[in-house]
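Student: Sequence:
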Amino acid sequence: MKYEAKIISENPDIEEELKIKIKDIELLCFVEEYRCSVEVGQEYIVDLEIVVFDDLDIEKSTVQAREMTQQADSFAYCIRGVFNPSNKKIDSGIDIDLADEDISGFWYLENQFVELNIDRFNIDIIEKVNK
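Take the sequence shown: its letters are residues 12 to 142, numbered as in this note's numbering.
Honestly, the hints are just simulated from the structure, not real lab data.
A few of these clues could be false.
To be verified - SDA-like mimics (lysine to any residue), calculated; alpha carbons at most 25 Å apart, straight line:
| id | residue 1 | residue 2 |
| --- | --- | --- |
| 1 | Lys100 | Ala87 |
| 2 | Lys99 | Asn141 |
| 3 | Lys100 | Tyr14 |
Could you build the full structure based on these sequences and the hints that come with them?
Tutor: Written as structure tokens, this is what we have:
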């Protein structure tokens, strides 16, 4: 899914690691592709997708919150939000697109708070936002 994101920081030791900010949410992402060069502090159009190495497992959340929590210092996150299976999205402060995932077994969680653990966010940097 495409978003406007501000580049917060780059890792000089790991070229594929980039910290971004979408709305008020900071995310550590794995860069799949740079279609343009980036500068810290600038805003870009990015394509963000979740990566789950094993099977997708969406569970009802005991915490009723829209949030994304990084797991230690890794690329992994716990995503919490409201599940909308007809749109294949979780509203966690920003919409998380599940279009590439099989959600057929999770319809019973429609419009409920859920949580999902992902292995990382992949990001493509598309173009600089001209303001």
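Student: If a hint holds in the structure, say so; if it doesn't, say that too.
Tutor: Structure-based check of all given hints:
no. : hint           : in the structure
1   : Lys100 / Ala87 : holds (19 Å)
2   : Lys99 / Asn141 : violated (30 Å)
3   : Lys100 / Tyr14 : holds (14 Å)
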